[in-house]
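Asks: The primary structure of each chain is shown beneath.
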Amino acid sequence: MIRLTQAPFEPGALLAEFSRGRRETGAIVSFTGLVRAEGGDSEALELEAYPGFTEAAIERIAMAAKARFSLQDLMVVHRIGRVGPGEPIVFVAAAAVHRRAAFEGADHLMDYLKSRAPFWKKSIGAGGERWIEPRPQDYEDAARWDERAPGSEPAS
Amino acid sequence: MARVLLFGPLSDIAGWRERTVDPAPSTLKALRAALSAEDAALGEALARPGVQAAVDKILVRGDATLANGAEVAFLPPMSGG
Numbered sequence: 001m002i003r004l005t006q007a008p009f010e011p012g013a014l015l016a017e018f019s020r021g022r023r024e025t026g027a028i029v030s031f032t033g034l035v036r037a038e039g040g041d042s043e044a045l046e047l048e049a050y051p052g053f054t055e056a057a058i059e060r061i062a063m064a065a066k067a068r069f070s071l072q073d074l075m076v077v078h079r080i081g082r083v084g085p086g087e088p089i090v091f092v093a094a095a096a097v098h099r100r101a102a103f104e105g106a107d108h109l110m111d112y113l114k115s116r117a118p119f120w121k122k123s124i125g126a127g128g129e130r131w132i133e134p135r136p137q138d139y140e141d142a143a144r145w146d147e148r149a150p151g152s153e154p155a156s
Numbered sequence: 157m158a159r160v161l162l163f164g165p166l167s168d169i170a171g172w173r174e175r176t177v178d179p180a181p182s183t184l185k186a187l188r189a190a191l192s193a194e195d196a197a198l199g200e201a202l203a204r205p206g207v208q209a210a211v212d213k214i215l216v217r218g219d220a221t222l223a224n225g226a227e228v229a230f231l232p233p234m235s236g237g
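Residue numbers (my numbering), protein chains in the order written: chain A, 1 to 156; chain B, 157 to 237.
It is possible that some hints are incorrect.
One side of the interface only, derived from the structure: several residues of chain B facing chain A at Cβ under 10 Å [to be verified]: (1) Arg159; (2) Val160; (3) Leu161; (4) Gly164; (5) Pro165; (6) Ser167; (7) Asp168; (8) Ala170; (9) Thr183; (10) Val216; (11) Gly225; (12) Ala229; (13) Leu231; (14) Gly236.
Keep in mind that the hints were calculated from the coordinates and are not lab data. Backbone N, C-alpha and C fix where the C-beta goes; we use that ideal spot for every residue, glycine too.
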């Protein structure tokens, strides 16, 4: 399930909803991302999505993760619009038969969301507004999952 | 008629987020030229590396023909989630 929402969400409630009635699931891993205050420099983040296009791109990322890690199910909830410090901005959950797949699935999904999902994000603070691009670390995190033939040299 | 959508910093540069161009130019290239002729700063921003275009929510590389009623979105480098 993929959902973009203007309204605040409660991660605990989403996890409870996702976990309900799973008699064949052995592991659920969830991740909640919060907006940082950056020591008072950031008053809010403002996220813009392209309705329809953004969900479709996340759906492709999620389907690839589901197939790769043999996940039973995935949930992605992402705020759009203005999100203040301390508020949840993203929630992902992955369900699998065993824990390793659930951990890796959630980790992979977050790395791809952080670097490849079509959002445009603006930081609003005392010093004005600034558009944000992924950090080099975000690209490196996502590149960890690039598939390589066993024994081959890492891509440079 | 074509509907044009700008995202991220592109809408700050242009001062608009969505507008229609009527009649619709026949190609993406012609649309870019028309926007650029009206607003050189926007034209330059659209030509920057990493700015992608989507026609009816599908990314296109290079040029594309535009049907009447097409929705064209210009997408600057994405911030991620």
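Asks: Each of the hints needs a verdict: does it hold here or not?
Replies: Results for each hint:
1. Using the Cβ-Cβ criterion of 10 Å, the hint placing Arg159/B at the interface with chain A is not satisfied: the shortest such distance is roughly 13 Å.
2. For Val160/B, the suggested interface contact is broken, since its CB lies about 13 Å from the closest CB of chain A, more than 10 Å.
3. Below 10 Å, beta-carbon pairs count as interface contacts, and Leu161/B has one with chain A at about 7 Å; its hint therefore holds.
4. At about 3 Å, the closest approach between the beta carbon of Gly164/B and any beta carbon in chain A falls short of 10 Å, and the interface hint on this residue holds.
5. Look at Pro165/B: its Cβ gets to within about 5 Å of chain A, closer than 10 Å, so that hint holds up.
6. Given the 10 Å rule on beta carbons, the hint for Ser167/B holds: about 8 Å separates it from the nearest Cβ of chain A.
7. For Asp168/B, the interface hint holds, since its Cβ comes within 10 Å of a Cβ in chain A; the closest pair sits about 8 Å apart.
8. Violation of the interface hint for Ala170/B is found here, the shortest Cβ-Cβ separation to chain A being roughly 14 Å, above the 10 Å cut-off.
9. Checking Thr183/B against chain A: minimum C-beta separation of about 21 Å lies over 10 Å; hint violated.
10. Hint status for Val216/B: violated, given a least beta-carbon distance of 13 Å to chain A, over 10 Å.
11. Because the closest C-beta pair between Gly225/B and chain A is about 16 Å apart, greater than 10 Å, the hint is violated.
12. Because the beta carbon of Ala229/B sits about 6 Å from the nearest beta carbon in chain A, less than 10 Å, this interface hint is met.
13. The criterion of a C-beta within 10 Å of any C-beta in chain A is met by Leu231/B, whose closest approach is roughly 7 Å, and the hint holds.
14. Hint status for Gly236/B relative to chain A: holds, with the closest Cβ pair at about 4 Å, below 10 Å.
The structure does not agree with the numbered hints 1, 2, 8, 9, 10 and 11 stated previously, though it agrees with the rest.
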